[in-house]
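As you go down the protein sequences, you meet chains A, B and C in turn.
Counted the way my numbering counts, the first sequence spans residues 1 to 505.
Counted the way my numbering counts, the second sequence spans residues 1001 to 1116.
Counted the way my numbering counts, the third sequence spans residues 2001 to 2088.
Misleading hints may appear alongside valid ones.
When the alpha-carbon atoms are kept at most 25 angstroms apart in a straight line, the in silico PhoX-like pairs for lysine-lysine are as follows [to be verified]:
id: 1; chain 1: A; residue 1: Lys13; chain 2: C; residue 2: Lys2088
id: 2; chain 1: C; residue 1: Lys2088; chain 2: A; residue 2: Lys288
id: 3; chain 1: A; residue 1: Lys73; chain 2: C; residue 2: Lys2088
id: 4; chain 1: A; residue 1: Lys383; chain 2: B; residue 2: Lys1070
id: 5; chain 1: C; residue 1: Lys2038; chain 2: A; residue 2: Lys70
id: 6; chain 1: A; residue 1: Lys448; chain 2: B; residue 2: Lys1070
id: 7; chain 1: A; residue 1: Lys45; chain 2: C; residue 2: Lys2038
id: 8; chain 1: A; residue 1: Lys384; chain 2: B; residue 2: Lys1070
id: 9; chain 1: B; residue 1: Lys1080; chain 2: A; residue 2: Lys45
id: 10; chain 1: B; residue 1: Lys1070; chain 2: A; residue 2: Lys32
id: 11; chain 1: B; residue 1: Lys1107; chain 2: A; residue 2: Lys115
id: 12; chain 1: B; residue 1: Lys1007; chain 2: A; residue 2: Lys373
id: 13; chain 1: A; residue 1: Lys65; chain 2: A; residue 2: Lys45
id: 14; chain 1: A; residue 1: Lys427; chain 2: B; residue 2: Lys1107
id: 15; chain 1: B; residue 1: Lys1107; chain 2: A; residue 2: Lys373
id: 16; chain 1: C; residue 1: Lys2038; chain 2: A; residue 2: Lys51
id: 17; chain 1: A; residue 1: Lys427; chain 2: B; residue 2: Lys1080
Per the computed footprint, the stretches of chain A lying under chain C, defined by three or more beta-carbons under 8 angstroms from a beta-carbon of chain C, are [unchecked claim]:
id: 18; stretch: 117 to 124
id: 19; stretch: 153 to 166
id: 20; stretch: 221 to 233
If you only want the chain C side, here are some residues facing chain A, beta carbon under 7 angstroms, derived [stated by the list, open to error]:
id: 21; residue: Met2001
id: 22; residue: Ser2002
id: 23; residue: Val2030
id: 24; residue: Pro2042
id: 25; residue: Val2046
id: 26; residue: Leu2069
id: 27; residue: Glu2078
id: 28; residue: Asp2079
id: 29; residue: Glu2080
No wet-lab data here; the hints were simulated from the structure.
For each residue, glycine too, the CB sits at the ideal point set by N, CA and C.
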Amino acid sequence: MDTPVNKKKLSLKEKYSYLTRDLAWEPSYQSKEDLFPYATYEGIKVHDWEKWEDPFRLTMDAYWKYQAEKERKFYAIIDAFAQNNGHLKITDARYLSALKIFLQAISPGEYAAHKGFARAGREFPGVGPQVACQMQAIDEIRHAQTQIHAMSNYNKFYSGFHAFADQRDRIWYTSVARSFFDDAMSAGPFEFMIAIGFSFEYVLTNLLFVPFMSGAAYNGDMSTVTFGFSAQSDEARHMTLGLECIKFMLEQDPANVPIVQKWIDKWFWRGFRVLGLVSTMMDYMLPKRVMSWREAWNIYGEENGGALFNDLARYGIRPPKGWADAGEAVDHMSHQFMLALYQWNFGTAFHTWIPSDEDMEWLSKKYPDTFDKYYRPRWEHIKKMDEAGTPFNNFGLAKLCQTCQLPTVFTEPGDPSTLCHRETEYKGETYQFCSDHCCDIFNEEPEKYIQAWLPMPALFQDPLNGDLEAWMKWVSLENGSDNGDYQGSHDQTSFQKWRAMTTSN
Amino acid sequence: MSVVSRKEYTGVPRDRVENFNGNQLIYLGWDNHLLFASAFLLCASPETVFRDLVQNTVTPLLAADPDAEKIDWDTVTWLKGNQPWTPDWNGTLAANGIGHKALLRFKTPSLNTICG
Amino acid sequence: MSTVFIAFQTNEETRPIIEAIELDNPSATVHQEPAMVKIDAPDELVIRRETIEEQIGREYDLQELQVNLITMSGHLTEDEDTFTLSWK
């Protein structure tokens, strides 16, 4: 008989220390500066990387175990969804527009985040953040893959799903998300962490995933609920990393506080602009709605963000500069966006529609101070035009914001009937903006933003030179199938036909 | 402010006027007429006469708004670069000082059928 | 007072966990939403391994929570026995 070995189980703290901290080493034949050349130039002072605490204390062995379990659950459901014609269980094919926007604008963002975290993990000199960033990099690529995989089922039956990668790069309404991630990835590692880890993951991601995935569940879309919640199970860890990172920076040196504050101001606003698309999905595109964008903002923006910034006040951090303007814009943005998407729907790879009387009742109940006064009259007029056989298309194209790259559809703070225009001049060139905050962001780093590739001006340069048909080909938009009004679309007729077949022969 | 960087950082603007084959961009908006979600993006030669731009390019774009046919262009007030401005209707864009990517806005205070 | 919260997917694995949380946090409010359960609590919420083990009748590793976690808010402190969210 063997001598019994006293197998003492390691505590979580010890295990984390062995499998994380002890993986680090001191360089012997290269200097630390050469090994981590991007660690200091942003001006963030770090005195002791050992102070970095990962509250989850997750080690790689446990990480793989839990991630594998998530994947097994995910693919079991995706298979069942495909085998049982899950696509016919959704409330209505209008719902698919929300998914198409998600696939074209948000899923590629997951891939961009993957690249960003892979790089941040390499550039941080501390082993704590290196390991955490490595895990998040793997999470993010998993999110991109599972989302694309889940939505590929819809691509077998419906339009608008077939060219998301081209559309991510080339079409106009996705450039807000693309430029957001390009901006973050071309910043240093600390700014990247504030941009994605803190502002996006901690302050804003709940607004994207939680109500949206609940909405998917409410609308019978089992596959989206599954990828959403599978991704979201990683988010709690990402949010914790973002919060940990900001606390670490603020505690390391008081000189870091103003730098971090500037980044919070910038990245809150940039993220808020990206979320504009989500507001429209929630208020207009879900046939059955869980809550309004305003209600989601109250819970996840106002209340949760309020608690967070209350807490950070002890470091001398105040809420982001655009916070109050954002709170006011919440009652307007979904309507402004949907009206814009509708009038330019000849150029969207998803369908839009005029809200029904019932939809408008709901909107007016959820937005008692703004919908009837400002937005219902526009929809009623558009409806009249449609009924007269002259549906409204705006072929004027749009003025875009140099910073967020969205069409400048937003109104002046305090004056919802006047569009907000801001303009600045830099080195003899004129630049246009949607808001004070986007203009301020430009003025902080003009050399960066003058390089923005704006999709509308690009349409009038070589090789397209204003040719709308050539543009459609270039963005892989199938005219008459991917775009236009939902009424009369292939999606509408196919869905109705197939759905009828599920209940009779 | 400048970009914080490890070495000298110089950007190249993507939308310089040279890239538009002799044309330029003009942005034009009708204040308080939000049926049109944003100011229009127009592309025209700097030699275009201002009256032609308004009559041939802008007017058709405005037709969807019921106020469009009631516009009295003689009494319309203008902003250029968000500052008060008076156009020379017979002058070219260049002669009017309307540069590449300039923003023009006009106001018709008595007309507000859809957006009050 | 600031609210902390945690949200889980609605499924058979999380049902006893949510019951354990309710036992340990009398001031918590449980919201049943489509496909998810969100639990709010004033200032602090504690999840105890032992209470979960009593509910499910087997050993439990608190890191298993991550499989069904949707989101949370507040500072996290975690060890073998407790998973605590707080605004402190």
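Hint by hint, here is what the structure shows:
1. A:Lys13 <-> C:Lys2088: Roughly 22 angstroms separates the two Cα atoms, so the pair holds.
2. C:Lys2088 <-> A:Lys288: It is violated: about 39 angstroms lies between the C-alpha atoms, which goes past 25 angstroms.
3. A:Lys73 <-> C:Lys2088: At roughly 36 angstroms apart (the allowed maximum being 25 angstroms), C:Lys2088 and A:Lys73 break the hint.
4. A:Lys383 <-> B:Lys1070: holds, 22 angstroms
5. C:Lys2038 <-> A:Lys70: holds, 20 angstroms
6. A:Lys448 <-> B:Lys1070: violated, 44 angstroms
7. A:Lys45 <-> C:Lys2038: violated, 38 angstroms
8. A:Lys384 <-> B:Lys1070: holds, 19 angstroms
9. B:Lys1080 <-> A:Lys45: Cα-Cα ~45 angstroms, so violated.
10. B:Lys1070 <-> A:Lys32: violated, 71 angstroms
11. B:Lys1107 <-> A:Lys115: violated, 48 angstroms
12. B:Lys1007 <-> A:Lys373: violated, 53 angstroms
13. A:Lys65 <-> A:Lys45: violated, 36 angstroms
14. A:Lys427 <-> B:Lys1107: violated, 30 angstroms
15. B:Lys1107 <-> A:Lys373: holds, 21 angstroms
16. C:Lys2038 <-> A:Lys51: Violated, because 32 angstroms separates the two Cα atoms, which is more than 25 angstroms.
17. A:Lys427 <-> B:Lys1080: holds, 19 angstroms
18. 117 to 124: This one is violated; 0 residues, fewer than the three required, reach chain C with a Cβ under 8 angstroms.
19. 153 to 166: violated (count 0)
20. 221 to 233: holds (count 4)
21. Met2001: Where the cut-off is 7 angstroms and the nearest Cβ of chain A is about 9 angstroms from C:Met2001, the hint is violated.
22. Ser2002: holds, 4 angstroms
23. Val2030: violated, 15 angstroms
24. Pro2042: Violated. Min distance 11 angstroms.
25. Val2046: Violated, because the Cβ-Cβ distance from C:Val2046 to chain A comes to roughly 14 angstroms (cut-off 7 angstroms).
26. Leu2069: holds, 5 angstroms
27. Glu2078: holds, 6 angstroms
28. Asp2079: holds, 6 angstroms
29. Glu2080: holds, 5 angstroms
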